[in-house]
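Visitor: Given next are the chains, with one letter for each unit.
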Amino acid sequence: MTRMQRWTAACRTGALLGCGLLLTLPAVAQDLQPNFPVELDKKLAARASDVNEVTMNKTMLKFASQFLDSKDKDDVQAQRLIQNLNAIYVRSYEFSEPGQYTPEDLKTIRQQFLGPDWNPMVKVRSKKGEGDTDVYVKMVGNEVKGMFVLDAEPKELDMVYISGSIRPEDLKQLSGNFGVPNLNLQKSSTKESK
Amino acid sequence: MVEFGREPHDSENDGFDPELEAMFEQELRTSLQARPAPEGFVDRVLTRMDALPHHEPAPWPVRTIRNPLVRGAIAATLLLSVGVGGYFEHQRERQIAGEHARQQVLLALRITGSTLQDVRNKVDGNNASQQDAN
Chain A
1 MTRMQRWTAA
11 CRTGALLGCG
21 LLLTLPAVAQ
31 DLQPNFPVEL
41 DKKLAARASD
51 VNEVTMNKTM
61 LKFASQFLDS
71 KDKDDVQAQR
81 LIQNLNAIYV
91 RSYEFSEPGQ
101 YTPEDLKTIR
111 QQFLGPDWNP
121 MVKVRSKKGE
131 GDTDVYVKMV
141 GNEVKGMFVL
151 DAEPKELDMV
161 YISGSIRPED
171 LKQLSGNFGV
181 PNLNLQKSST
191 KESK
Chain B
1 MVEFGREPHD
11 SENDGFDPEL
21 EAMFEQELRT
31 SLQARPAPEG
41 FVDRVLTRMD
51 ALPHHEPAPW
61 PVRTIRNPLV
71 RGAIAATLLL
81 SVGVGGYFEH
91 QRERQIAGEH
101 ARQQVLLALR
111 ITGSTLQDVR
121 NKVDGNNASQ
131 QDAN
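Heads up: the protein sequence lines correspond to chains A and B, in order.
Numbering of the first sequence is given in the numbering used here, commencing with residue 1 and proceeding in unit increments.
Numbering of the second sequence is given in the numbering used here, commencing with residue 1 and proceeding in unit increments.
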């Protein structure tokens, strides 16, 4: 093989690898990107009296799983829950008075889950938009690959986005653990309210 | 004598002047002749040597440090100490970061659980009010 041929082969391999990387990048970025509008995040955080923000990508989840205690009940459940997840993004804002977010803010958040893969599972609407609740589930084939929960109260706004494989029994595990009372979620997941 | 313009080897006696050669040999002999040292020279030298500061052997720590093997061992120990210290510091920082990440996961799951609980309460409440209306 001449030097020219080797150089051509190397260039071709490099180009193929580059194309492959470019093709896989959006898929990777989708899991790494939080689905919350960043600007709105900042705005809400500035208005809130109490903010809880948790952003964990797959790497962080994997890292955290190494430090979960195998003897602790909550840690064991957490380990089981996060092992198939790609990311968890949690935003919880508590406000000192009502009216700190608008129905338009909620609309902006919901718009991100209007894609073909996302299915609204629970939808509760109040007249003033201060008691709205949404649960969206991302279905890929027959598998749940993501979940988004929006719970709006007059003085509280909670958003949870979970990316990755979620089983109904995983959600059930959340109840009765981590200081959360029993949910009996398998029953509620089939209900839809408007 | 070597004449100007003539090669020394061209001469009959190889270019050497016998007179000059004899004079040179005489001078060399005189110069190399053994001569006795001046009187008291040895004593003077010995006296001056005694007057010079006496070189004492270096103290043991200095002598030990000068030893290349000891120097190598010290350098290796220092390197090892830095390495081990760095490793433990890294482990400590990793442990702190890991504990923080663990707390974050538990907090995220706690909020998720309580949010889902709120959702369930709302759905149940909504269903109950609809049933009452019917």
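Watch out, some of these pointers could steer you wrong.
Using C-beta positions, here's what the derived DEER-type ranges look like [said to hold, decoys possible]:
{"hint": "1", "chain 1": "B", "residue 1": "Gly125", "chain 2": "A", "residue 2": "Glu39", "range": "31 to 39 angstroms"}
{"hint": "2", "chain 1": "B", "residue 1": "Val84", "chain 2": "A", "residue 2": "Met139", "range": "49 to 57 angstroms"}
{"hint": "3", "chain 1": "A", "residue 1": "Gln112", "chain 2": "B", "residue 2": "Ala75", "range": "58 to 66 angstroms"}
Since the hints were derived computationally from the structure, they do not count as laboratory data.
From a predicted model like this one, the values you see are computed outputs, not experimental measurements.
Just so you know, even glycine gets a beta-carbon here, dropped at the ideal spot from N, CA and C.
Visitor: Work down the list of hints and note, for each, if the structure agrees.
Guide: Verification of the supplied hints:
The hinted range of 31 to 39 angstroms is satisfied by B:Gly125 and A:Glu39, whose Cβ atoms lie roughly 33 angstroms apart. Roughly 52 angstroms separates the CB atoms of B:Val84 and A:Met139, a value that falls within the hinted 49 to 57 angstroms. Distance hint check: the CB atoms of A:Gln112 and B:Ala75 are about 59 angstroms apart, consistent with the given range 58 to 66 angstroms.
When each numbered hint is compared with the structure, no violation occurs for any of them.
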